[in-house]
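Peer 1: The lines below spell out each chain.
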Amino acid sequence: MNMIVCVKQVPDPEAPPGSFKIDPVTNNMMPPTGFPPVISPFDEQAVEAALRIKDINSGKITIISLGFNLLRDVVKKPISMGADELILLEDPAFVDGDSWSTASALAAAIRKIGQYDLIFCGRQAADWDSGQVGSGIAEILGLPQVTLAKKVEVTGNKVKVEKVTADGYEMVAAAMPALITVSNELGEPRYATIKGIMSAKAKEPIVWKPADIGVDVSKIGAAGRRTRMLKLFQPVHGGKCEIITGRNEEDAGANLAKKLVEVKLL
Amino acid sequence: MATYQGVMIFAEAIDGKLAPITRELLGIGRKLSNDLSEELSALVAGNDVGNIAAEAISFGADKVYILDDPLLQDYRTDPYMAVVERVVKQTNPRILLMGQTIIGRDLAPRAAFRLGTAVTLDCIALEIDTDTKQLLQTKPVYGGNACAVFTMETYPQMATVRAKAMTALRPDSSRSGEIIQIEAGLDSADIRTNVLQKVVQEMEGIKLEDAAIIIAGGRGIGGPEGFKQLEELAKLLKGAVGASRPPCDNGWVPDTLQVGLTGKIVSPDLYIAVALSGTSQHIAGCAGAKNLIAMNRDPEANIFKEARFGVVGDWKKVIPAFEAKIKELREMG
Chain A
1 MNMIVCVKQV PDPEAPPGSF KIDPVTNNMM PPTGFPPVIS PFDEQAVEAA
51 LRIKDINSGK ITIISLGFNL LRDVVKKPIS MGADELILLE DPAFVDGDSW
101 STASALAAAI RKIGQYDLIF CGRQAADWDS GQVGSGIAEI LGLPQVTLAK
151 KVEVTGNKVK VEKVTADGYE MVAAAMPALI TVSNELGEPR YATIKGIMSA
201 KAKEPIVWKP ADIGVDVSKI GAAGRRTRML KLFQPVHGGK CEIITGRNEE
251 DAGANLAKKL VEVKLL
Chain B
1 MATYQGVMIF AEAIDGKLAP ITRELLGIGR KLSNDLSEEL SALVAGNDVG
51 NIAAEAISFG ADKVYILDDP LLQDYRTDPY MAVVERVVKQ TNPRILLMGQ
101 TIIGRDLAPR AAFRLGTAVT LDCIALEIDT DTKQLLQTKP VYGGNACAVF
151 TMETYPQMAT VRAKAMTALR PDSSRSGEII QIEAGLDSAD IRTNVLQKVV
201 QEMEGIKLED AAIIIAGGRG IGGPEGFKQL EELAKLLKGA VGASRPPCDN
251 GWVPDTLQVG LTGKIVSPDL YIAVALSGTS QHIAGCAGAK NLIAMNRDPE
301 ANIFKEARFG VVGDWKKVIP AFEAKIKELR EMG
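Quick mapping for you: the protein sequence lines, in order, are chains A and B. Under this note's numbering, the first residue of the first sequence is numbered 1, with each subsequent residue one higher. Under this note's numbering, the first residue of the second sequence is numbered 1, with each subsequent residue one higher.
Think of the hints as simulated: they come from the structure by calculation, not from any bench. Treat the hints with caution; some may be incorrect.
Claimed, not checked - Capping the alpha-carbon separation at 30 Å, the derived lysine-lysine pairs in DSS-like fashion look like this:
| # | chain 1 | residue 1 | chain 2 | residue 2 |
| --- | --- | --- | --- | --- |
| 1 | B | Lys-228 | B | Lys-327 |
| 2 | A | Lys-259 | B | Lys-264 |
| 3 | B | Lys-325 | A | Lys-259 |
| 4 | A | Lys-151 | B | Lys-207 |
| 5 | A | Lys-240 | B | Lys-316 |
| 6 | A | Lys-219 | B | Lys-133 |
| 7 | A | Lys-259 | B | Lys-207 |
| 8 | B | Lys-17 | B | Lys-264 |
| 9 | A | Lys-158 | B | Lys-198 |
| 10 | A | Lys-158 | A | Lys-54 |
| 11 | B | Lys-327 | B | Lys-235 |
| 12 | A | Lys-231 | B | Lys-305 |
| 13 | B | Lys-228 | A | Lys-151 |
| 14 | A | Lys-240 | B | Lys-290 |
| 15 | B | Lys-305 | B | Lys-235 |
| 16 | B | Lys-207 | B | Lys-327 |
| 17 | A | Lys-60 | A | Lys-150 |
| 18 | B | Lys-238 | B | Lys-325 |
| 19 | A | Lys-240 | B | Lys-325 |
| 20 | B | Lys-31 | A | Lys-231 |
| 21 | A | Lys-259 | B | Lys-327 |
| 22 | A | Lys-258 | B | Lys-238 |
| 23 | A | Lys-160 | A | Lys-150 |
| 24 | A | Lys-21 | B | Lys-290 |
| 25 | B | Lys-305 | B | Lys-238 |
| 26 | B | Lys-207 | B | Lys-290 |
| 27 | A | Lys-150 | B | Lys-164 |
| 28 | B | Lys-317 | A | Lys-258 |
| 29 | A | Lys-240 | B | Lys-327 |
Stated by the list, open to error - Sample of chain A residues lacking proximity to chain B, with all beta carbon distances greater than 10 Å (derived):
| # | residue |
| --- | --- |
| 30 | Gly-34 |
| 31 | Asn-69 |
| 32 | Arg-111 |
Unchecked claim - Covered, in the sense of this in silico footprint (three residues per stretch, anywhere, with C-beta under 8 Å from a C-beta of chain A), are these stretches of chain B:
| # | segment |
| --- | --- |
| 33 | 127-140 |
| 34 | 261-271 |
Think of the CB as a built atom: it goes at the ideal place given N, C-alpha and C, for glycine as much as any other residue.
Make the full structure from the sequences, and use the hints.
Peer 2: And the structure:
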């Protein structure tokens with residue numbers, strides 16, 4: 001089993017909403033102070049999905065990440081969890097792309113790797129929430145896709161996926177090679193092991209430039225975008241909250257009930 | 001080069017009727033096509049789905065393209081992508097809209113890549129730029145912390161639309177429209193995935209999307225036992241129980257109860273958020289509630305910024321007293 005997982009370094013989505021700021025000059029989000037970047041949580045769950053298959057079927061997991069000046073501690077996390085190889089598409093030409101230009105670069109890198117049975121992506125990245133790169137890679141490489149996986153199993157040359165639906169899930173089978181996007185319902189990703197942390201420390205990532213994967217720089221990153229962002233803004237939120245108090249917490253609860261009946265909400 | 005004209009929406013049916021999201025798509029589609037002075041069409045694909053064409057017309061469509069084929073019985077990416085490609089290449093719509101549903105999330109990006117265009121997922125506002133006639137697409141980003149406006153110069157300009165972000169028109173059965181059958185032209189050999197089984201995990205009682213009152217619990221509920229207590233309260237109020245992501249990811253409640261960016265989008269009259277902090281991801285799912293009530297131990301919790309009324313306190317103390325008072329007031333009549 002050869003598996004490839006695409007992961008993205010993003011600003012920590014768990015940073016409190018109050019710390020979110022937009023730089024009016026660059027029209028970009030300003031990274032919150034005190035909250036270092038992380039692997040996008042859905043991507044970490046994609047790594048976990050691959051690791052669960054490796055646990056049962058054995059195999060090799062190659063991680064690909066795209067960006068510039070990527071933090072080694074961040075992008076090495078999947079190695080510390082148990083993945084085997086790390087390839088970085090690292091060049092200024094790769095950054096500020098949209099789903100189209102990012103998927104084009106990742107697909108070119110996957111072509112260069114050549115051997116793969118399963119490709120995993122998170123369902124969407126925690127920064128732009130685009131939710132398209134997985135489908136884009138599948139289309140460029142001509143692969144079947146199953147999106148929003150909560151469980152992935154391999155039997156023979158087939159992959160069986162529990163795909164999240166509005167009222168439960170459906171079991172979908174696909175021929176391999178296939179591309180799977182992973183949703184949070186898969187469950188918590190595993191912690192790094194001591195052995196994993198040691199091998200992550202020792203691991204030298206392979207760095208590829210646009211020329212290494214044979215892509216035209218006009219097709220990737222900011223130059224290759226098909227969508228244009230006109231504006232980024234913070235929506236203004238609702239009204240003032242009336243805090244209902246009482247002699248103690250119980251009393252406050254009772255007063256809330258009274259209030260809701262009074263204003264005819266109950 | 002083809003001339004791209006008109007607005008097309010991809011229809012979804014539930015139990016032989018238009019899905020609510022499809023009615024909403026027809027509502028916004030009608031507005032955009034009026035602004036462009038071009039026609040609104042609906043693409044209806046499935047097995048034995050021709051009967052929803054008339055309903056689509058009553059909700060605003062000028063034309064309905066029907067692709068009926070047994071191979072379209074279950075949603076699968078390959079055959080649905082093939083019919084979207086076929087219809088778009090025959091009709092060249094300027095704009096193609098889908099719902100931000102399980103199907104739309106899968107189909108829209110793949111179809112956009114196939115058609116050589118782009119798509120913006122999960123839009124909450126769409127409008128036509130009067131100068132350029134381009135579609136301006138507003139979508140929440142950074143888990144709902146911000147919104148971005150996108151545009152594209154490739155065609156069709158594609159977007160998926162968030163549930164309940166748009167308003168459906170009042171149906172008018174006297175409206176007339178054209179119904180056009182198109183051969184799906186599918187070959188089962190080209191379909192690379194199969195649906196083996198569908199599992200429904202609905203909770204008993206009122207469905208989350210239909211509930212007028214929702215009691216939603218967060219990480220602070222602490223476990224499945226706590227949710228039993230919320231269920232009792234929900235039963236008393238004839239409401240439904242929802243949850244933020246952590247209780248679902250921890251297996252305290254089924255995944256189908258998740259309200260938020262990656263879960264359900266709800267718009268009840270009353271949403272009582274218990275022991276949840278109010279992350280942007282969660283607010284994305286409940287911002288449509290008419291009245292939001294917050295109960296949290298932390299007075300600084302973000303949820304209070306969204307709430308109309310709030311109580312600062314431990315839910316284990318607040319909820320039983322709240323429930324007892326409601327019973328008492330009801331007995332007094």
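Peer 1: Please verify whether Lys-207 (chain B) and Lys-290 (chain B) have alpha carbons no more than 30 Å apart.
Peer 2: Cα-Cα ~18 Å, so holds.
Peer 1: Under the criterion that the straight-line Cα-Cα distance not exceed 30 Å, is the pair Lys-160 (chain A), Lys-150 (chain A) satisfied?
Peer 2: Satisfied, since the Cα-Cα distance of roughly 11 Å is no more than 30 Å.
Peer 1: Verify the proposed pairing of Lys-231 (chain A) with Lys-305 (chain B), using a straight-line Cα cut of 30 Å.
Peer 2: holds, 25 Å
Peer 1: Is the claim that Asn-69 (chain A) lies outside the interface with chain B correct, judged by CB distances over 10 Å?
Peer 2: holds, 20 Å
Peer 1: Below or equal to 30 Å on CA atoms is what counts here, so check Lys-305 (chain B) against Lys-235 (chain B).
Peer 2: holds, 27 Å
Peer 1: So if I understand the rule, the pair passes when the alpha-carbon distance is 30 Å or less; does Lys-60 (chain A) with Lys-150 (chain A) pass?
Peer 2: Cα-Cα ~21 Å, so holds.
Peer 1: Tell me if the straight-line CA distance from Lys-259 (chain A) to Lys-264 (chain B) falls inside 30 Å.
Peer 2: holds, 28 Å
Peer 1: Is Lys-21 (chain A) within 30 Å of Lys-290 (chain B), Cα to Cα?
Peer 2: The hint holds at about 27 Å.
Peer 1: Starting from Lys-228 (chain B), check that the Cα of Lys-151 (chain A) is at most 30 Å away, please.
Peer 2: Within the cut-off at roughly 27 Å; holds.
Peer 1: Verify the proposed pairing of Lys-259 (chain A) with Lys-207 (chain B), using a straight-line Cα cut of 30 Å.
Peer 2: Given pair Lys-259 (chain A), Lys-207 (chain B) holds - Cα atoms ~27 Å apart, limit 30 Å.
Peer 1: Need the status of pair Lys-240 (chain A), Lys-325 (chain B): alpha-carbon distance at most 30 Å?
Peer 2: holds, 25 Å
Peer 1: Per the coverage rule (Cβ-Cβ under 8 Å, at least three residues), is the segment 127-140 of chain B covered by chain A?
Peer 2: With 3 residues close enough to chain A, the hint holds.
Taken one by one, the earlier hints all hold for this structure without exception.
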